[in-house]
Amino acid sequence: MKFQKPGLIMLSTLRCIFAGIITGTLTNCILVLLVMLLSAPAGATAMDDMTAADMNRIEDPSHVRQGTLLFKGEQDFSRAPILRTDVQINVTGMIARATVKQHFRNPDTTWKEGIYVFPLPEDAAVDHLRMHIGQRVIEGRIQERQQARKEYEQARSEGKKASLVEQERPNIFTTSVANIGPHEEIVIEIEYQHVVQYDTGAFRLRFPMVVAPRYIPGQPVTPNEITVDTFDGSGWAVSTDQVRDASRITPPVLHPGQGKINPVNLQVHLDAGFSLQHITSSYHNIDIKQENETGYRLTLGNNTHADRDFELIWTPEPAEQPRAAFFSEHKNGKQYGLIMMLPPEQTSGEVLNREVIFVIDTSGSMSGTSIVQAKAGLELALAKLKPGDRFNIIQFNSYTELLFQIPQPVTHQSLRQAGNYVRNLQAQGGTEMATALQAALNQTTEHAAVRQVIFLTDGSIGNEDELFRIIRQQLGNSRLFTVGIGSAPNSHFMSRAADFGRGTYTYIGKVEEVQEKMQILFNKLQHPVLTDIQLTWGDNLTVEAWPQKIPDLYLGEPLLISLEAASLPETLHISGMVSNSKWNSTMKLQNGKKQTGISVLWARKKIAALMDQLNSRTEQDEVRQMIIDTALAHHLVSKFTSLVVIDVTPARVREEILKSQSMPVNLPAGWEYEKVFGQLPQTATGSELFLIRGMLLLVTGLLFAVFSRKFTRCYACQV
Amino acid sequence: MPVRFKKLIVVGLLVVLPLCGVWQIGLGSYIHAKAILAQFLLETAWSETLKGHKEVKPWPWADTWPVCRLTVPRLGISRIVLAGASGSSLAFGPGHLFGSATSGEYGNTVIAGHRDTHFKFLQELKTGDAIQLQTSNGGNIRYRISEIRVIHETETHYLARTDANILTLITCYPFNAISAGGPMRYIVIATPEITNGKMI
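Going down the list, the sequences are from chains A and B. Here the numbering used here is used: position 586 in the first sequence is 586, and no number is missing along the way. Here the numbering used here is used: position 192 in the second sequence is 1192, and no number is missing along the way.
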């Protein structure tokens, strides 16, 4: 018995090895053949799926594969100036006046120029620039853009400390600071003012903190073709034929793995003028301190970095809900006014059948938390559709894809199909918005009385003006409602697109808000709209009021008018149409509250309106000159005017080198870096892992065979 | 009862373990078999391409086609490069990135390949080595390796368009890592040899 044992083990081992080798080789051969054959039908099905999807896919050959220019430039930011921002916002009534202090610190032993691209609210009137060098403070002056740049560049080359604030978009600005000495800190102070938003009974203050990466469609242009002045090596996107200033609106983005930069201290002093029911900060922790009956001091928690919008919401006690307001200012021999009036709520008339086109952005920038919010919003909107309505869903990234070729009636079947479609949406690729917008505006409209386009996007694109042009020209009888998604949406795009589209805009910044924010939008969609609003000023006075064409007002939205006149008119008569019946109201403009800054708001409104005309009217030079005149008269930064400040004493001797560096920004919270900037291809297979695992399993099996023999044998002995 | 139960487990394991092992080895060697076999099939498709046919599919259901041939004379390496660097084309050969310059065109020609199959040889390349690309019109471009480095997968500017004519080869790093999906990449940059102002 004993002697037989090793023989048996040998035998079973050999048997096992042979079996392993033979079955292994055989299986491999069979597998190779099988899978080669099997992959054929698999490939064929994949192709069938492709053609099915392709049927509803719109490809514009001029757009496809061109705009994916989201390549990132320099990696090493260790020597770029370091930024810290202090923000103080004072809210009085409806007006917010903010001071933003940007601290530029040079961590290096060489001289630096820092270039920082940052956002401000899209209606911000920037009217002051100050440069702090140690204890000294130098006040900036407003100049035409080219002139300001020339002065700044001359001071830079002469070794003088200088700073320049330019506007790239209504909500994107650039601060340049030249000649920051080794280990020195220079503080740039910017002041701006704007009107807080009042909608559906709540006041909202928004302070954006980061310019999100923008998709730049179009063909790249070489530097000598660019007409706009560019700075070297600062932006990561190449300027294209569609976005000529792309490199100015795309600051380099720090990889989230390298931590967060650009800390922010923010304090709000809020005096609404009435007692409050609630104050909430939507996306940040804040400390709230009540100072008197209507005054509050709010401080942002420590350790905040510029990676998302700050939003403060306050609601008045129901009894104190303001229905109208009038603020005025006397300046340079002229009277200025700001009028707010909330039209009374209209009872909803007959329910009309609607045609609703949902457009959802599924580009790479939506990846992460944004697409979750957008899908939730869309699913909620689908559930609100009624029998008799028609709908369609359009998604876009590098391509535009329609769920149905034409809008379909609401049925169980179509809703189920839509539900599946939405669930399977994935965010990746470029943001070719123009094709999607055209598809949404140009679909048939015969069936419905009301046509609504609901557009869910983060607006991370650089070609706003082109998109506005499409909306203006092709709107027809559609109404466009933008829903801004994510932590740092492009507010300029959201609000202007809704203006041109005669709709409204809504922001969703976190998934918890979807229900509430979408409900506000649904209420607006279901209630009648106040249209064709006309203003008549009493006493036959010449009044210059902006906006000249009053936008349609949806439920809960106030009328906002800025005016300039030699003397204030006594009355304002307002008329409009609500579902085919006339509506009238008269306001007595007396005893308005005196407040400084009303003139600045008027000028900012005027510039905004003129900028729209610049894109549509032919006499462009004339409009341009009007913008420059208004901006210079009111000391305002605009597309054509910049603030510049120069210290007279040279600091850097010519022999020392000045290095210009663009300052990195954070990736907005919730975004996925790789989905925006791409990643190098995956270039490894799992073959080695498979082989090693297989070998290990075989060896274990072998050992097990040996031991189990021993075990069964011994067991048999005992019996 | 417990005896029979134990026996069942023993027998079960005796069958299951080797079977799993065989299955895994099968998967592993299948990848290699496919990579080697495909290159043979591609030779035919490539010679068709050289005859002037466009986008010759190496097998009827293929979603890719050969675009150029890459050779390294010093190592005796020859690879047919496929269109696109998706997982499905990289299984059969190195892939030419859509959107990067096509071989022979001015700009940055980017080719990626698996570090354990077609681009395993990248670890043996040295600065100064010659690389040749045979383009679909039969022309040959000779490159010299100017730079070899290890980078992170997010450094996508290596894919960016360039004004100068360069060839960029990409594979995963480290070469002997057991599992796939690591964040490091090994890249080889080569510039064309210029004689009398013309590329050869």
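Keep in mind the hints are simulated off the structure, nothing from the lab. Honestly, I wouldn't trust all of these hints.
[Said to hold, decoys possible] Cut-off 25 Å, straight-line C-alpha distance, at most; resulting in silico cross-link-like pairs (SDA-like, lysine to any residue):
1. B/K1120 with A/A651
2. B/K1034 with A/L385
3. B/K1007 with A/L689
4. A/K675 with B/L1017
5. A/K675 with B/A1091
6. B/K1034 with A/R693
7. A/K260 with B/F1098
8. B/K1006 with A/L689
9. A/K675 with B/G1084
10. A/K675 with B/S1088
11. A/K260 with B/H1152
12. B/K1006 with A/S708
13. A/K659 with B/E1155
14. A/K517 with B/K1007
15. A/K675 with B/K1006
16. B/K1007 with A/K659
17. B/K1034 with A/F707
18. A/K260 with B/E1153
19. B/K1120 with A/K260
20. B/K1007 with A/L691
21. B/K1007 with A/L703
22. A/K675 with B/S1086
23. A/K675 with B/F1098
24. B/K1007 with A/I288
25. A/K675 with B/K1120
26. A/K160 with B/A1083
27. B/K1120 with A/R693
28. A/K675 with B/F1040
29. A/K675 with B/K1007
30. B/K1120 with A/L689
[As the list claims (entries may be wrong)] A few chain B residues facing chain A, derived, Cβ under 8 Å:
31. L1017
32. Q1024
33. F1119
34. Q1123
35. E1124
36. I1166
37. I1170
38. G1181
For glycine and all other residues, C-beta sits at the position ideal for the given N, C-alpha and C.
Hints, one by one, checked against the model:
Under the criterion of a C-alpha separation no larger than 25 Å, the hint pairing B/K1120 with A/A651 is inconsistent with the structure, at around 56 Å. As the CA atoms of B/K1034 and A/L385 are separated by approximately 51 Å, the hinted pair breaks the 25 Å bound. The suggested pairing of B/K1007 with A/L689 is violated, with an alpha-carbon distance near 31 Å, which exceeds 25 Å. Taking the CA atoms of A/K675 and B/L1017, the gap is near 40 Å; set against the 25 Å cutoff, the hint is violated.
Straight-line distance between C-alpha atoms of A/K675 and B/A1091 comes to about 23 Å, which keeps the hinted pair within the 25 Å bound. Proposed proximity of B/K1034 and A/R693 is supported: the alpha carbons are some 20 Å apart, at most 25 Å. About 34 Å separates the Cα atoms of A/K260 and B/F1098, which puts this hinted pair outside 25 Å; it is violated. A threshold of 25 Å between alpha carbons decides the hint, and for B/K1006 with A/L689 the separation of about 31 Å lies outside it, so the pair is violated.
This hinted pair checks out: A/K675 and B/G1084 have alpha carbons roughly 19 Å apart, not beyond 25 Å. With a CA separation close to 20 Å, the supplied pair A/K675 and B/S1088 stays within the 25 Å bound. Among the hinted pairs, A/K260 with B/H1152 is consistent with the structure: their alpha-carbon atoms are about 19 Å apart, no more than 25 Å. Our distance criterion of 25 Å between C-alpha atoms is met by B/K1006 and A/S708, whose separation comes to about 10 Å.
For a cut-off of 25 Å, the pair hint linking A/K659 to B/E1155 stands: about 24 Å separates their Cα positions. Of the supplied pair hints, the one linking A/K517 and B/K1007 is violated, its CA atoms being roughly 64 Å apart against a limit of 25 Å. The straight-line distance between the Cα atoms of A/K675 and B/K1006 is roughly 52 Å, outside the 25 Å bound, and the hint therefore fails. For the hint pairing B/K1007 with A/K659, the CA-to-CA distance comes to about 78 Å; that exceeds 25 Å, so the pair is violated.
Between B/K1034 and A/F707, the direct Cα distance comes to roughly 37 Å. Violation of the 25 Å bound is thereby established for this hinted pair. Distance hint between A/K260 and B/E1153 is fulfilled; the C-alpha atoms sit about 20 Å from each other, no more than 25 Å. With a C-alpha separation of about 38 Å, the suggested pairing of B/K1120 with A/K260 is violated against the 25 Å cut-off. Of the supplied pair hints, the one linking B/K1007 and A/L691 is violated, its CA atoms being roughly 29 Å apart against a limit of 25 Å.
Restraint check: the Cα-Cα separation between B/K1007 and A/L703 comes to about 16 Å, which is no more than 25 Å; the hinted pair holds. At most 25 Å may separate the alpha-carbon atoms for a hinted pair to count; A/K675 and B/S1086 meet this at roughly 16 Å. Between A/K675 and B/F1098, the direct Cα distance comes to roughly 17 Å. Compliance with the 25 Å bound is thereby established for this hinted pair. Straight-line distance between C-alpha atoms of B/K1007 and A/I288 comes to about 72 Å, which puts the hinted pair past the 25 Å bound.
For the suggested pair A/K675 and B/K1120, the alpha carbons sit about 28 Å apart, so the restraint of at most 25 Å is broken. Between A/K160 and B/A1083 the alpha-carbon distance is near 55 Å, which puts this suggested pair outside the 25 Å criterion. The straight-line distance between the Cα atoms of B/K1120 and A/R693 is roughly 21 Å, inside the 25 Å bound, and the hint therefore holds. Of the pairs offered as hints, the one joining A/K675 and B/F1040 is violated, with about 36 Å between alpha carbons and a cut-off of 25 Å exceeded.
For the given pair, A/K675 sits about 53 Å from B/K1007 by alpha-carbon distance, which is inconsistent with the 25 Å threshold. Restraint check: the Cα-Cα separation between B/K1120 and A/L689 comes to about 16 Å, which is no more than 25 Å; the hinted pair holds. Because the closest C-beta pair between B/L1017 and chain A is about 3 Å apart, less than 8 Å, the hint holds. The criterion of a C-beta within 8 Å of any C-beta in chain A is met by B/Q1024, whose closest approach is roughly 3 Å, and the hint holds.
Among the interface hints, the one on B/F1119 holds; its C-beta lies about 7 Å from the nearest C-beta in chain A, closer than the 8 Å criterion. Checking B/Q1123 against chain A: minimum C-beta separation of about 13 Å lies over 8 Å; hint violated. For B/E1124, the shortest C-beta to C-beta distance to chain A is roughly 16 Å, which exceeds 8 Å, and the interface hint is violated. Violation of the interface hint for B/I1166 is found here, the shortest Cβ-Cβ separation to chain A being roughly 15 Å, above the 8 Å cut-off.
With a least beta-carbon distance of about 6 Å to chain A, the hint placing B/I1170 at the interface is held under the 8 Å criterion. A distance limit of 8 Å between C-beta atoms decides the matter here; for B/G1181 the minimum to chain A is near 7 Å, and the interface restraint holds.
The structure fails to meet hints 1, 2, 3, 4, 7, 8, 14, 15, 16, 17, 19, 20, 24, 25, 26, 28, 29, 34, 35, 36 from the earlier list, while all remaining hints are met.
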